[in-house]
Structures are given as C-alpha cells and as structure tokens.
Amino acid sequence: MSPLRLRDDVGMTKEFRAHFDFAIAFANGGGIHGEGFRLDLPRERMTEEEIGVLLIAHLGLALVSNVELRDLRIVEEPHRGSRGVETSDDAAGERRVIDLSHAIEAGLVTYPGLPAPIISPHLTREDSRSKYAPGTEFAMDIITMIGNTGTYIDSPFHRYADGGDLASLELSTLVDLPAEVFHLRDAWSADRRGIEAATLADRDLRGAAVLLDTGWDRHFGTPEYGVGSPFLTEDGARFLVDAGVILVGIDALNIDDTESGGERPAHSILLAAGIHVVEHLTGLDGVPARGSRFTAVPPAVRGFGTFPVRAFATVAMSH
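This note's numbering puts the first residue of the sequence shown at 68, with every later residue one more than the last.
No lab work stands behind these hints, which were simulated from the structure alone. Hints should not be assumed to be uniformly reliable.
Each pair of labels, with its calculated beta carbon distance range [said to hold, decoys possible]: (1) R369 with I186: 20 to 26 Å; (2) E102 with S132: 43 to 49 Å; (3) E115 with V368: 52 to 58 Å; (4) D229 with D208: 32 to 38 Å; (5) R369 with G127: 42 to 48 Å; (6) A170 with G282: 15 to 21 Å; (7) T211 with L238: 25 to 31 Å.
Beta carbons are placed, not taken as given, at the ideal position from N, Cα and C, and that holds for glycine.
Make a model of the complete structure from these sequences and hints.
Right under this line is the structure:
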C-alpha cells in the first residue's frame with residue numbers, strides 16, 4: 068500500500084487534513100499569520116514540525132525562520148489539493164471508475180424552462196415477435212430531447228456560429244484527461260456564489276480538466292437547483308484560459324451566473340478559446356483533488372453544439 072494512503076475495512080481510502088492557526092516569521096524580517104487554515108496531510112500521524120514543513124511547501128515560502136502552529140487538530144476528511152501532497156497513486160494497476168453523470172429518463176428537468184426528454188417506442192417487443200425468429204425479440208425506442216439534457220458538453224458551436232461542432236471535437240481533448248478537482252463546498256455562500264481566479268491559482272493546470280465541486284448537484288431535479296447556483300466568474304474563466312486548461316466542468320446549473328441579466332462571460336471566454344464546458348456533473352466529492360483521469364465524450368453530431376455525455380473519472384487504487 069502507498070505510504071500516503073490508508074484503507075478502511077471496505078477498501079476505501081482515508082484522507083486526513085490538519086486544521087490550525089499559524090504564525091510564520093522570516094529570517095530577513097517580517098512574518099505572516101493565518102486563522103482557520105486547513106492543509107492536506109499525507110498520513111494521519113504527523114508532528115507539528117512535519118506539518119510546519121508541509122505548510123511552508125504549500126505556501127511556496129523562502130527564508131522562513133520559525134513556524135508556530137496553534138489549536139492543531141487532525142481530522143479525517145477528503146483532500147482539497149494542497150501542494151506537496153499527492154492524493155492519488157497514478158501507477159499502473161487496478162483502477163476505480165467513478166460515474167459523474169446524471170441518468171436521463173423521460174420527464175427529466177435539467178434546466179428550468181427547457182423541455183424534458185420524451186421516450187416513446189418505435190418497435191415494441193410484442194410487435195417484434197412477428198418480425199423475427201421464434202424466441203427472438205427486440206425493443207427500439209425514440210428519444211426526443213434538447214441537447215442540454217442531463218450531464219452535457221458544450222462545444223464552441225453552442226456559442227459561436229463559426230465555432231466547432233460536436234463532430235469536430237478531438238477525442239484526445241475528451242478522453243483520459245488529467246483531472247484537477249477543486250472541492251469548494253465550504254468555499255462559497257449565498258452572498259458569494261462566484262468562483263474567482265484566486266481560488267484556482269495554487270496549481271499548475273496546463274492540459275488538465277478542471278472540475279468544480281460545489282455540491283450544488285444535491286439539488287438536481289428540484290426547484291432549488293435553478294436558483295442561487297454557484298458559477299465561474301469572468302476573471303476565473305480568463306485565468307483558466309491563460310492557464311492552458313482543456314476542459315472545465317461544474318456540478319451546478321450553469322458555468323455562468325444565470326441571474327446576471329443574460330450575460331454569459333464564462334461560456335463566451337472558454338468556448339472562444341476552444342475549451343470544452345461540461346455542466347451538471349455529479350458525485351465530484353468522490354474524486355480526489357489530484358491524480359485521477361477524466362473522460363466525457365458526446366456522439367459526433369454535425370451542426371450540433373451540445374449533447375449529453377457519460378462523464379466519469381478513473382482513480383488508481385493503492386495496494
């Protein structure tokens with residue numbers, strides 16, 4: 068088993084974080100203080116000195132002369148992606164697959180105001196018995212739905228008439244992408260719904276799928292889902308473009324603020340840069356902050372901008 072990961076009796080990994088206040092002094096003068104700080108730990112049992120070293124590495128500090136931790140508690144909770152602490156073993160071997168998609172069914176309301184899918188039979192099993200050999204039967208069904216149903220991907224054509232459609236998307240930008248998951252369930256509130264660039268600035272994101280775990284998926288399929296949803300701000304979108312990401316996903320109503328009067332800066336900025344957008348993800352709390360791989364592939368439909376995907380993450384299992 069990897070020394071960075073522990074397993075419980077049912078084979079699930081346990082992760083730990085330190086909660087503390089701190090004071091850091093610098094050898095060349097000055098210092099910084101922090102309250103209510105939380106830091107991922109590679110293992111449960113660590114000394115204050117070891118945690119202090121991790122804190123310095125996470126903050127990227129130099130010329131530190133002293134670190135003082137106060138009110139230190141070590142708590143079992145999922146990692147959030149602190150620098151210097153790997154959250155998944157990416158070595159070859161057994162992998163766990165985590166489904167991140169909502170199931171589609173007749174009558175499903177994904178986005179308030181958009182039509183729900185309708186599923187009807189084209190050929191019933193009963194009718195098929197007269198068309199095939201004895202004991203052989205099939206069902207063929209028709210689904211009528213808007214592309215914005217369930218967990219779906221936006222291609223540039225969704226926003227721009229001359230943008231690439233679903234059929235133009237390169238599979239290499241949709242399959243087995245390194246995933247950087249930002250677990251933000253305790254980082255936003257009703258008064259501060261926007262996810263800013265500063266929240267995303269502590270990692271190297273080039274070539275990654277950035278997945279925003281807000282916890283809003285708990286409201287999916289209810290009236291609450293359509294009001295007060297978290298979103299990516301304009302400066303957050305520009306930051307991700309500059310960072311060189313390939314895909315951005317969110318487990319909420321929209322990548323944009325739908326209560327802003329019709330402006331859609333995140334869509335406009337990301338899709339203009341050829342960055343795919345996946346909306347209405349679910350289950351991101353089960354994916355580690357780093358080390359997993361993300362896949363979300365739509366059918367290759369020409370002249371179409373959005374379509375449901377089966378989105379999933381694969382996570383290497385430690386032994």
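Next on the checklist: Taking 25 to 31 Å as the stated bounds, is the beta-carbon spacing between T211 and L238 within them?
Outcome noted: holds (27 Å)
Checklist entry - Does the Cβ pair A170, G282 satisfy 15 to 21 Å? => result Since A170 and G282 have Cβ atoms about 19 Å apart, the given range 15 to 21 Å holds.
Item to check | Cβ separation of E115 and V368, checked against the hinted range 52 to 58 Å | outcome: holds (57 Å)
Item to check | Pairwise beta carbon distance, R369 to I186, judged against the given window 20 to 26 Å | outcome: holds (24 Å)
Next on the checklist: Taking 43 to 49 Å as the stated bounds, is the beta-carbon spacing between E102 and S132 within them?
Outcome noted: Violated: the Cβ-Cβ distance is about 21 Å, outside 43 to 49 Å.
Checklist entry - Within 32 to 38 Å or not, the Cβ separation of D229 and D208? => result Roughly 35 Å apart at Cβ, these two residues keep to the hinted range, so it holds.
Next on the checklist: Tell me if the beta carbons of R369 and G127 are separated by a distance inside 42 to 48 Å.
Outcome noted: The hint (42 to 48 Å, Cβ to Cβ) holds, given that R369 and G127 are roughly 47 Å apart.
Going down the numbered hints, you'll see the structure goes against just number 2.
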